[in-house]
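With UniProt numbering, letter number 121 in the sequence shown gets 121, and the count goes up by one each step, no holes.
Be careful, since some hints might not be right.
[As the list claims (entries may be wrong)] Okay, derived cross-link-like pairs now, DSSO-like style, lysine-lysine, Cα gap no bigger than 27 Å in a straight line: (1) 322 x 235; (2) 54 x 322; (3) 339 x 180; (4) 339 x 461; (5) 249 x 199; (6) 363 x 385; (7) 235 x 279; (8) 461 x 279; (9) 322 x 279; (10) 108 x 279; (11) 180 x 249; (12) 108 x 461; (13) 180 x 199; (14) 235 x 196; (15) 196 x 54; (16) 279 x 339; (17) 363 x 339; (18) 249 x 322; (19) 180 x 196.
[Said to hold, decoys possible] Across the chosen pairs, the derived CB separations fall in these ranges: (20) 198 x 149: 20 to 28 Å; (21) 256 x 199: 47 to 55 Å; (22) 53 x 235: 38 to 46 Å; (23) 437 x 123: 31 to 39 Å; (24) 379 x 437: 19 to 27 Å; (25) 76 x 256: 25 to 33 Å; (26) 307 x 378: 40 to 48 Å; (27) 439 x 294: 32 to 40 Å; (28) 359 x 205: 42 to 50 Å; (29) 162 x 392: 42 to 50 Å; (30) 235 x 378: 38 to 46 Å; (31) 159 x 395: 42 to 50 Å.
Since the hints were derived computationally from the structure, they do not count as laboratory data.
Idealized CB from N, CA, C, for every residue including glycine.
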Amino acid sequence: MMLMLRVRVAMAAAARYSMFLLTAWLMVRNAGAVATATSSLSSRLVHRFSDEAKELRVSVNGSANGSSWPDRKGSIEYYQMLLSSDFRRQNMKLGAQYQLLFPSQGSKTMSFGNDFGWLHYTWIDIGTPNVSFLVALDAGSDLLWVPCDCVQCAPLSAGYYSNLDRDLNEYNPSGSSTSKHLSCSHQFCESGPNCKGPKQSCPYTINYFAENTSSSGLLVEDLLHLASGGDNASKNIVHAPVIIGCGMKQSGGYLDGVAPDGLMGLGLGELAVPSILAKAGLVRNSFSMCFNEDDSGRIFFGDLGPATQQSTSFLPLDGIYKTYIVGVEACCIGNSCLKQTNFRALIDSGTSFTFLPDEIYEKITKEFDRHVNSTRSSYEGSPWKYCYESSSQESPEVPSLTLVFPLNNSFVVHNPVFIIYGDQGILGFCLAIQPADGDIGIIGQNFMTGYRIVFDRESLKLAWSLSNCQDLSDGKRMPLASSSGTPLNPLPTNEQQSSPGGHAVAPAVAGRAPSKPSAASSRLIASRFCLLRLLPELLLLFNIISVFKADTGII
1 MMLMLRVRVA MAAAARYSMF LLTAWLMVRN AGAVATATSS LSSRLVHRFS DEAKELRVSV
61 NGSANGSSWP DRKGSIEYYQ MLLSSDFRRQ NMKLGAQYQL LFPSQGSKTM SFGNDFGWLH
121 YTWIDIGTPN VSFLVALDAG SDLLWVPCDC VQCAPLSAGY YSNLDRDLNE YNPSGSSTSK
181 HLSCSHQFCE SGPNCKGPKQ SCPYTINYFA ENTSSSGLLV EDLLHLASGG DNASKNIVHA
241 PVIIGCGMKQ SGGYLDGVAP DGLMGLGLGE LAVPSILAKA GLVRNSFSMC FNEDDSGRIF
301 FGDLGPATQQ STSFLPLDGI YKTYIVGVEA CCIGNSCLKQ TNFRALIDSG TSFTFLPDEI
361 YEKITKEFDR HVNSTRSSYE GSPWKYCYES SSQESPEVPS LTLVFPLNNS FVVHNPVFII
421 YGDQGILGFC LAIQPADGDI GIIGQNFMTG YRIVFDRESL KLAWSLSNCQ DLSDGKRMPL
481 ASSSGTPLNP LPTNEQQSSP GGHAVAPAVA GRAPSKPSAA SSRLIASRFC LLRLLPELLL
541 LFNIISVFKA DTGII
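With the hints as extra help, turn the sequences into a complete structure.
Shown next as structure tokens:
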């Protein structure tokens with residue numbers, strides 16, 4: 001009886017296998033017929049560790065050596081790297097481990113005003129045992145560095161700064177049991193000419209936008225201590241291995257009060273903390289920063305923002321997404337949107353104020369001056385051109401400045417000025433914009449005040465929504481629309497817009513599709529119909545293979 005049962009099972013399996021072969025033959029025949037009517041599509045698979053892939057790596061990087069390439073095929077190292085790749089893919093498929101991550105001492109950020117260069121800072125913990133550092137937050141660079149084995153560093157004593165209640169710390173890699181020096185052969189080491197051997201510790205030097213401002217030292221790996229949070233999430237401490245710059249020598253602004261205890265780069269590079277956390281599958285590849293009127297704020301890794309936020313796409317620079325650059329289509333002062341005020345801008349939380357290309361700067365400042373009902377003034381030592389006297393001790397009434405992005409997305413800067421104080425109170429105010437040297441502007445921290453800014457690196461988009469910077473780690477969310485359901489920062493309507501000297505234009509209109517598809521789009525549509533015609537056969541084939549595997553035990 002058992003023998004007859006096995007024979008029947010085998011026959012059934014054989015029948016299904018025959019059906020599998022028949023279906024496959026029909027699919028090939030149909031695919032050939034469809035391909036004849038359209039264009040054929042083909043590709044060749046290349047193994048990640050093949051000779052061809054190695055040649056490509058050498059042509060791009062100049063070398064295939066390092067910890068990311070095995071010495072030879074079939075070695076233990078070879079299989080370990082394949083397994084590690086599998087684990088990373090599983091993390092990608094299963095989703096992020098945590099909804100939100102933030103520094104273990106809390107998500108709060110703070111600004112100390114002029115004493116610390118007007119930047120936002122947060123406390124982070126590094127190493128084992130953990131040591132605290134007050135780092136500046138900079139979306140315009142990649143590396144996290146802290147003062148370390150100092151040769152030339154800023155003063156770290158609290159007595160040197162008026163806003164600190166405790167001394168700042170210096171990092172010592174030998175004092176952390178989890179610290180590891182990166183060698184010159186490491187995939188993240190880009191100091192080729194400065195490396196004398198593959199086992200030498202990897203040196204780094206980073207030069208920043210500010211004149212003669214830099215940090216240099218050695219790269220190390222150590223633990224960054226984070227806390228998890230989100231909707232209905234219990235708080236857990238997460239120890240994330242990250243790359244850290246052991247900053248032995250700083251120069252320029254980093255010796256004069258800016259980022260005396262280090263800086264956390266939040267850019268798009270592989271060394272940046274958001275990149276490392278996302279690659280490890282800990283959070284989604286996104287983060288947010290919020291800036292409050294009272295100089296407080298928040299930072300959250302993994303935050304994708306609310307569904308109702310506005311957004312615009314990042315733009316590549318020289319064909320590569322190197323940093324957070326966006327395209328502004330027009331600028332508006334009050335209800336007047338100015339012609340020919342489109343420009344590209346870097347979104348940089350590490351820059352205190354906003355810089356605009358010279359031609360755009362001239363148009364906006366003159367229009368702003370036309371709307372301000374105050375007397376022009378100047379203040380000794382001030383680099384700001386458009387300053388005004390204040391007629392009272394109240395905050396000045398000034399026109400808003402709106403940046404218009406594609407699809408009518410608008411970013412409203414409600415208070416584009418800063419106030420000048422004297423011994424008797426408010427003296428006046430200045431428009432907080434400076435001319436930029438090149439054709440790319442910088443949207444600095446002052447324009448981001450009052451917003452939750454989301455750097456969505458998965459979708460390559462910048463998003464924003466009005467926010468009072470409350471704590472998201474307990475699942476709280478703020479309403480992002482008024483009770484009437486209208487947007488909180490709409491563009492001026494056509495009726496509201498004035499026409500000073502004939503320079504005003506209507507808000508940007510969403511782009512229209514071309515009237516006739518191109519030849520390329522026609523071929524794309526044909527290829528998609530080809531795939532649609534094969535869909536029933538593909539589904540049938542999938543079901544047959546599943547049954548065949550279950551009957552025969554083939555994996």
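How the hints compare with the structure:
| no. | hint | result |
| --- | --- | --- |
| 1 | 322 x 235 | 34 Å, violated |
| 2 | 54 x 322 | 24 Å, holds |
| 3 | 339 x 180 | 55 Å, violated |
| 4 | 339 x 461 | 25 Å, holds |
| 5 | 249 x 199 | 22 Å, holds |
| 6 | 363 x 385 | 14 Å, holds |
| 7 | 235 x 279 | 22 Å, holds |
| 8 | 461 x 279 | 18 Å, holds |
| 9 | 322 x 279 | 17 Å, holds |
| 10 | 108 x 279 | 24 Å, holds |
| 11 | 180 x 249 | 20 Å, holds |
| 12 | 108 x 461 | 24 Å, holds |
| 13 | 180 x 199 | 13 Å, holds |
| 14 | 235 x 196 | 45 Å, violated |
| 15 | 196 x 54 | 23 Å, holds |
| 16 | 279 x 339 | 43 Å, violated |
| 17 | 363 x 339 | 9 Å, holds |
| 18 | 249 x 322 | 26 Å, holds |
| 19 | 180 x 196 | 19 Å, holds |
| 20 | 198 x 149: 20 to 28 Å | 23 Å, holds |
| 21 | 256 x 199: 47 to 55 Å | 37 Å, violated |
| 22 | 53 x 235: 38 to 46 Å | 43 Å, holds |
| 23 | 437 x 123: 31 to 39 Å | 34 Å, holds |
| 24 | 379 x 437: 19 to 27 Å | 24 Å, holds |
| 25 | 76 x 256: 25 to 33 Å | 51 Å, violated |
| 26 | 307 x 378: 40 to 48 Å | 47 Å, holds |
| 27 | 439 x 294: 32 to 40 Å | 35 Å, holds |
| 28 | 359 x 205: 42 to 50 Å | 34 Å, violated |
| 29 | 162 x 392: 42 to 50 Å | 29 Å, violated |
| 30 | 235 x 378: 38 to 46 Å | 51 Å, violated |
| 31 | 159 x 395: 42 to 50 Å | 34 Å, violated |
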